[in-house]
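Peer 1: As a plain string of letters, each chain reads:
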Amino acid sequence: MKITLAKGLNMGLRKAMEDNPKVLMMGEDVGKLGGVFRITDGLQKDFGEDRVIDSPLAESGIVGTAVGMAMRGYRPVVEIQFDGFVYPAYDQIVCQVAKINYRSQGRVPMPIVIRIPYGGGIGAVEHHSESPEAQFAHTPGLKVVSCSNPVDGYWMIQQAIASDDPVIFLEPKRQYHADKAELDEDATPDPLHASRVIRQGTDLTLIAYGPMVKTSLKAAEAAATEGRSIEVIDLRTLSPLDMGPVLDSVRRTGRAVITHEAHVNLGMGSEVAARITEQCFYSLEAPVLRVGGFDTPYPPSRVEEEWLPDLDRVLDAVDRSLAF
Amino acid sequence: MKITLAKGLNMGLRKAMEDNPKVLMMGEDVGKLGGVFRITDGLQKDFGEDRVIDSPLAESGIVGTAVGMAMRGYRPVVEIQFDGFVYPAYDQIVCQVAKINYRSQGRVPMPIVIRIPYGGGIGAVEHHSESPEAQFAHTPGLKVVSCSNPVDGYWMIQQAIASDDPVIFLEPKRQYHADKAELDEDATPDPLHASRVIRQGTDLTLIAYGPMVKTSLKAAEAAATEGRSIEVIDLRTLSPLDMGPVLDSVRRTGRAVITHEAHVNLGMGSEVAARITEQCFYSLEAPVLRVGGFDTPYPPSRVEEEWLPDLDRVLDAVDRSLAF
Amino acid sequence: MTHQAEFGPDLAEVFGPSHQVRHDSGGPELVQLLTPEGERVEHPEFSFDLDDEAVRGFYRDMVLTRRIDTEATALQRHGELGIWAQLLGQEAAQIGAGRAMRTQDFAFPTYREHGVAWCKGVDPLNLLGLFRGVDQGGWDPNDNNFGLYTIVIGAQTLHATGYAMGMQRDGAVGTGDPERDSAVIAHFGDGASSQGDVNEAFIFAASYNAPVVFFCQNNQWAISEPIERQTRIPLYQRALGFGFPGLRVDGNDVLATYAVTKAALDRARDGQGPTFVEAYTYRMGAHTTTDDPTRYRLSDDVEHWKLKDPIARVEVYLKRNGLADDDFFAGVQQEAAELGAHLREGCKALPDPTPLQGFEHVYAEMTEELAAQRDGYADYLASFEGEGH
Amino acid sequence: MTHQAEFGPDLAEVFGPSHQVRHDSGGPELVQLLTPEGERVEHPEFSFDLDDEAVRGFYRDMVLTRRIDTEATALQRHGELGIWAQLLGQEAAQIGAGRAMRTQDFAFPTYREHGVAWCKGVDPLNLLGLFRGVDQGGWDPNDNNFGLYTIVIGAQTLHATGYAMGMQRDGAVGTGDPERDSAVIAHFGDGASSQGDVNEAFIFAASYNAPVVFFCQNNQWAISEPIERQTRIPLYQRALGFGFPGLRVDGNDVLATYAVTKAALDRARDGQGPTFVEAYTYRMGAHTTTDDPTRYRLSDDVEHWKLKDPIARVEVYLKRNGLADDDFFAGVQQEAAELGAHLREGCKALPDPTPLQGFEHVYAEMTEELAAQRDGYADYLASFEGEGH
Ligand SMILES: Cc1ncc(C[n+]2csc(CCOP(=O)(O)OP(=O)(O)O)c2C)c(N)n1
Ligand SMILES: Cc1ncc(C[n+]2csc(CCOP(=O)(O)OP(=O)(O)O)c2C)c(N)n1
Ligand SMILES: [Mg+2]
Ligand SMILES: [Mg+2]
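Protein chains in written order, with numbering that gives the first Met the number 0: chain Y, 0 to 323; chain G, 0 to 323; chain C, 0 to 388; chain F, 0 to 388.
The shape of chain Y in the complex, shown without the other chains:
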């Protein structure tokens, strides 16, 4: 069966609700409308208003009540309508969701998934195209992942829901309907917190996640036509980071470029670069280079494609690294 990312997520959510009656959906417009991206399409019809809950327009309220539901034994899956609207819930997420298991010495786990459609490229207005991952990954107690393709979408959302820890689940909205992939529902998925080499190469390690995975694969292909062998890694998990495959790779290639849509300054790239350097110092032939959104607010959509890192900017960094 060939599915889009949107479909994979929808099927994964449905599967999780079928498997466990404690799984609930909450958020703005997730019910009748099925969410503005239709990721929860059909779920309220089939599971009822008690399990697929349209909420008042208040993100702190959504997350805060999800905390209470989790305390009562439920497994709420919260949808934040767009990346830029997660901030009213930031306090509940970093002070409560992230800390209650710790505060209670493990007596009150927080099996909450917070789904966030994120990233740019859809021609939207302000606050609809942001990449807030670093703001969560810096917070102990949260786990942060991002899927990049339909099959991962299907499995990872189920794994996130099954996790007894809170998971910030980042969905690259630009990819929702971009590509289709074959889903084998009987396959055994990789663990949730594992990064993955998705293309092998020997000259340089290109590290990406979420929306930049596709661009990175294209960059590797383009580089191949010029005789350059690029290894591409899909991080998948941003907290915890699974550095094993990354370090293995860089020890072989000696060079690394990391890319994401988020601002470069204090983005995931800074952490990955710092860790690679700490652990592969003598293997490195060049500093780890970072390609990301500029350190400016996300711009009006008519220039977003220039703001977002693209094939050319990734290749430029690859060239600079190889020329170092």
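Please note: incorrect hints may appear among the correct ones.
Said to hold, decoys possible - Within a straight-line C-alpha distance of at most 25 Å, the following computed DSS-like cross-link-like pairs (lysine-lysine) qualify:
#: 1; chain 1: Y; residue 1: Lys14; chain 2: Y; residue 2: Lys44
#: 2; chain 1: F; residue 1: Lys305; chain 2: G; residue 2: Lys31
#: 3; chain 1: G; residue 1: Lys31; chain 2: G; residue 2: Lys21
#: 4; chain 1: C; residue 1: Lys305; chain 2: Y; residue 2: Lys31
#: 5; chain 1: Y; residue 1: Lys213; chain 2: Y; residue 2: Lys179
#: 6; chain 1: G; residue 1: Lys213; chain 2: G; residue 2: Lys1
Derived by calculation from the structure, the hints in this document are not laboratory data.
Position chains G, C and F with the ligands against the provided structure of chain Y, taking the given hints into account.
Peer 2: Showing chains G, C and F with the ligands alone in chain Y's frame:
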């Protein structure tokens, strides 16, 4: 005149209010009480309730109304009572305060200062000892600084208020009353966004800011007794970073350690390390090492001194770097 | 509600006519001065104190505002705008509120207040930039005392309150000088009323007695969610919990909206503090041009509200009472056509931003760090020159 | 307020007796069953339905709760606790509310609810850990249906609402089975009422008709800020804006607090939804042991409230009516002395956490990354061994 950091800040605030009638103070308990740390002590008495405004207990409300005041031409100085209570205002800070100048194409500047007593070591309960700097420094449009000593406190708070950009002003609360220093009110201060070499050395560059500056100076002294010459840099400005003095130093010493109380993962250290590596790759004799708070929630106070990076942990990193 | 009585009869009344409001007429509390049939009625407390000329002006405002809306919707369909937030059906609420303001009053809009922008003198062409994706607000808020559109729901209500606190500090409230005394209007929707920020704005405004009118267009929907999800009592009653007056006005009645908003603004300018005005109306179109309301609401409801059209009733009123002649109506149509052309042509001519422009105005005082990033990017862009890239 | 009349006489009444509340008796709306002088009075709607034994029990609860408080305050003075949040003066509010709960009801406290903890059966020693700095809550919330103390003001009111929504989904509301039907109490202060979260909790609770009682101890102060900064009308009226009942009870009257809270809980369990209870009381002590209230309030006020002491009035009542003899009072004193000793000894014996413990429970499922950090730190610590470090 010898002053503490608390006194320096209080004098600086008073000076700013005297110099410009548009400067206002806002926050919880800043009026009659003078703030829980007494940093605004005496200001309401002298400048009145219209300029030193006790607010309802709502951080988003405080920052959001400060935005409106700034639009009307005022220069609000907001006090957040403790680091851990800034998050209810996070949305207003990152989506409004940070972006209105950009959104309005420079027509509506945001000359707001958000003062945050931050960091640990005071034996407090949860949420009173945190270091949220990276969560702000990652956001374009905000400027982020931290003073480390009484004299800087006096000047930097005035410079922050004079800035037409929003400034997150981090005050190392543990230092409020720790030491005294001589203030020369006629001196010409360094610019707000300049880092500063505060001890010269040749073997290694030790980078710190805020509460870790004192520890770093002690570490350098201790290392000196073992014949090691450590250069210490007080970053002072976290966004923008002033990398000039840091890069100069590392090019000379070949080694760098950066320390802060915040979690290491995605802390300021990751960005500084990544930049040093990018720009001094061939000068580095060892990877930049980071010493910070663990990637765990701030612990109960009886073990906070073990959680916080201290002299020994800084020296341990110095040793590891020198031995690399 | 068997146990209700335990808490005394006075408390039972807070359980108003909930779960019905969409089909409901707005209840007896609805202030109305012009019926859907175009008949003038009187209200014991609020009266319309302007002349026929003003009514014709309101009519013209509403027709032109609707034209802005239909034109922009068409531009979106033709790919000239990325998205558009339609105001269809809310013209009276916006013109009534907008015309009640004085020059020195300041409006804080959400993203749908095209009619208020019109009243404040903003060139509607400037509204398109945000939806086209060439800017994030193409006007200077200080030129017309009309703030930038705010996408994060509710955030601007706190800005409005703070601005009003600034007016107090400027001595621009309660002086008795009509040129000087000022107030603020904060516009927001029924959905927005659930945000913490909006409720905090009520608290700050009440605490400082700030000169702000909270003007809520209850258009019955927050995207797909009906008003019942946000409140189980009539929304204007929210103000009671915060200690200032709340009023419900027929938001499809421009005369009543004008009269009620003006009274609230007078009160604010006079130093009497905040008022909540619920303009009871209906979102006749989709939430935005990307929304599909057939998924969540009945066309029945829409038909019901069509009978209450805000423009039609004024037209009937003017015609029936002979207050405007054919020339007048033709003139307005002509103006609308011209406005449409202005928007169509102007929209396509709006200049795209350049990539390097994005580095400007991040800060009022540019940083060396960012200038270096900009320069590096400029060099990078230059490296493609001549490549036909 | 000259323009008030414009909005009709019914709106004027929302401007209650503000700016006076601290010296005020709480107004005619205050539900009282036992006067400060220890006289039983009746109320038209709320009656006390328990026997003398229960009143003696309440007295004992209050004396023991006060003992916890004075003992912990003393422990702080002796350096055994880092800080302590005193409840002095709020015993009746807490015992009345705590005793109104059934076992299956769940309480979400702020940080001062030591009396509620007592009623729910939490060993008071466990309360000390947080203030001593050995843990962040030493009890299991599921053992006694008593949540952990929450320092971020207001956050727990949303948790309470969500928990109550969970009860609804569990079919534990409105079944008529007294063992099964459940409700939640959210405790918070007057200051907390200004937080967005608290107001959002009201909205969610109303929207879903959740079985939650919002129990606000209005102790007139939020650190140095008087209640007037947070509201200009009596706080219980906040609920009116959200469409559920609000009540003001004499929070220094344990009988009335019990009766009112019980009625509200019954209503919630029965499926009638949320109620707001304002327990009108006074913070007799400092905000915490690090606060200095002489900087911001008059001892006059404190003296005034001393006359309303919640324990004294029950003592007078019991004695005057011969409902308890000397043995009873001596017995309670004896218990209090034992409790004091338990706390003094227990506190010092509370084990300090170890540095490595801080790596546990960050996650329910430990990560490799964090395990590596822990192991690295363990090695580092081990490197000092033998150094006499
Ligand atoms: C904080 C935040 N959350 C979510 C959204 C997404 N969103 C945009 S409009 C809207 C509904 C707004 O409803 P209402 O306040 O009634 O205004 P209306 O659109 O009806 O004018 C939502 C949920 C947003 N813009 N901001
Ligand atoms: C979000 C947040 N902001 C600020 C604080 C600091 N603070 C602790 S208690 C308090 C006052 C609380 O007043 P109230 O709600 O009336 O409760 P009370 O202490 O009187 O019981 C403040 C401002 C906090 N804990 N959380
Ligand atoms: Mg609406
Ligand atoms: Mg209080």
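Peer 1: Do the alpha carbons of lysine 31 of chain G and lysine 21 of chain G lie within 25 Å of each other, as the hint requires?
Peer 2: Holds, because 20 Å separates the two Cα atoms, which is no more than 25 Å.
Peer 1: Check the hint pairing lysine 213 of chain G with lysine 1 of chain G against an upper bound of 25 Å on the C-alpha distance.
Peer 2: Given that 25 Å is the threshold and the Cα spacing comes to 18 Å, the pair holds.
Peer 1: Hinted pair, alpha-carbon criterion (25 Å max): lysine 14 of chain Y, lysine 44 of chain Y. Please report holds or violated.
Peer 2: Holds, because 15 Å separates the two Cα atoms, which is no more than 25 Å.
Peer 1: Run the distance test for lysine 305 of chain C versus lysine 31 of chain Y: straight-line Cα separation, threshold 25 Å.
Peer 2: This hinted pair holds, its Cα atoms lying about 24 Å apart.
Peer 1: Please work out if lysine 213 of chain Y and lysine 179 of chain Y have their alpha carbons no farther apart than 25 Å.
Peer 2: With a Cα-Cα distance of about 13 Å, the restraint between lysine 213 of chain Y and lysine 179 of chain Y holds, given a limit of 25 Å.
Peer 1: Given the hinted pair lysine 305 of chain F and lysine 31 of chain G, is their alpha-carbon gap at most 25 Å?
Peer 2: holds, 24 Å
Hint check: no violations occur; every hint is consistent with the structure.
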